[in-house]
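If you read the protein sequences in the order shown, they are chains C and P. Quick note on numbering: my numbering labels position 113 of the first sequence as 130, and the sequence is numbered without any gaps. Quick note on numbering: my numbering labels position 47 of the second sequence as 845, and the sequence is numbered without any gaps.
Keep in mind that the hints were calculated from the coordinates and are not lab data. Careful: at least some of the hints might be erroneous.
In silico SDA-like pairs for lysine to any residue, Cα to Cα no more than 25 Å straight-line [to be verified]:
1. C/K234 to C/R276
2. C/K188 to P/N843
3. P/K852 to C/A187
4. C/K115 to P/V849
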Amino acid sequence: MNKWQPGASLNTLRRRAVMLSSIREFFKHRSVLEVDVPVLGRSTVTDLNIDSIAISSDGEQGYLQTSPEYFMKRLLASGSGDIYSMGKAFRDGEIGIKHNPEFTMLEWYRCGWDDHQLMSEVAELMKLLLASEDGTTCDVIKMSYADCFFDSLGFDPHSADLSDLQLLAAKLASESWLDETRANCLDLIFSVQVEPQLPLGVAIIYDYPECQAALAKMGKNSVGQTISRRFEAFFNGVEIANGYLELIDANEQAMRFERDTEARKRLDRPTLGIDQNFLAALNSGIPACAGVAIGLDRLLMGILGVDSIDQVLAFSWVRC
Amino acid sequence: MANYSTNEFRSGLKVMLDGDPCSILENEFVKPGKGQAFSRVKLRNLKTSRVLEKTFKSGESLEGADVMDQDMQYLYTDGDFWYFMEPDTFEQHQATENAVGDALQWLSEQDVCMVTLYNGSPLSVMPPNHVEIEIIETDPGLRGDTAQGGSKPAKLVTGAVVKVPLFLDQGDVIKVDTRTGEYQGRVK
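Chain C with its partners taken away, still in its complex shape (with noise of 0.2 Å):
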């Protein structure tokens, strides 16, 4: 491998390019504002499994941004109605043969919405991104996590005991799941296991398990339990967004990171400062909203269907 060379081919940039300005296209279309926010902040993410990349500038202790969020969650509590970002977004250790640490995310806001309203506009931007030459377009099915862990495993993930998907997550990788948290096990079978049989297209999965709820309200299922307003969308069964009933109670949020911070301390991870002005946003009042962010190098991907992310950026880490 020639190192100075782009890993993308010219007509791979040429395709990405296309991508970008349809995506301009659909929200010029909408009325739905580009936003360009910062991605060097003083504060950043206490989302447990996310690293962000430290710096400093003049001596000032920075963090490169791991997602446009809380700018932007400060500009919807300033007025500014449903806006999306385009951009770099950052998160350390992440390499691999899907991960780049620098990557391309869309996110975008909408004010008003529930979590499905979002999921059919997710749709319908997938279905014109996938969408080949002679007009043809991808399928695009949407099912609860529920029922698409039961089509694959057999038993209700939601009431399951802890020690059940304990046993289940040490048998399909190791005895050290033994004693992990249920999200994790739950992330561990749900990859492993319900991924894979995923079907092939768009696959719109809701209301994900009450303890991977990160910045989704909570909500009640069709059988009553309770789940979060979560949503991620899969192409060909990789991962490439992720969606909420956006919460917007401020107390609810400050206890969330008070909670990551406690879990950072117990597993001897750095403990961050809590974003205060996104907080004050929240006091101050956001609207109802639901967002969403997609990972535009995965979904490129995905258009091309090539196997590596270093095959759709012009230079991947490696070659940086």
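Let chain C serve as the given structure and place chain P on it in line with the hints.
For chain P alone, coordinates are given in the frame of chain C:
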């Protein structure tokens, strides 16, 4: 031996898994959206050659395996063991039939082979990619028939049976690719 963490897993790294030395073939970093990262690793058990898949949490580690590849000259066999010599130190190693495995049928004395040592003893033997061996048994050669297709089996001094062109005879020395077992040409 040193311990290796999942982020150091590279193709070719030799590690211990369930008591056996293994070679890492592939390491895929997996990370569910908001979840914990893990590694799906494909390994070859160097004792059994079986390929297995394991999932490790990011940050988990495996002990390195004391496995080394070394070029050695094949000396002789006493029927129980096959003896190899390190060309620099003249140190000799005895390999079991199990370790020699499929290489057995290609080995001529003085060939230089790649011997994989595990804790200092031969674990497996790779014959040279190309060997030159005499035909010991085959149907009589058809004189002049050098252009037409068609082949016949020929048994070699070392025990291997190779498909060869019809014109070859007992006593001819041929060149064989040991990776495919295919005839490459006659050696004058």
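Hint-by-hint comparison with the structure:
Between C/K234 and C/R276 the alpha-carbon distance is near 16 Å, which keeps this suggested pair within the 25 Å criterion. At roughly 20 Å between alpha-carbon atoms, C/K188 and P/N843 fall within 25 Å of each other, so this suggested pair holds. Between P/K852 and C/A187 the CA atoms are separated by roughly 11 Å; this keeps the pair inside 25 Å, and the hint holds. Restraint check: the Cα-Cα separation between C/K115 and P/V849 comes to about 23 Å, which is no more than 25 Å; the hinted pair holds.
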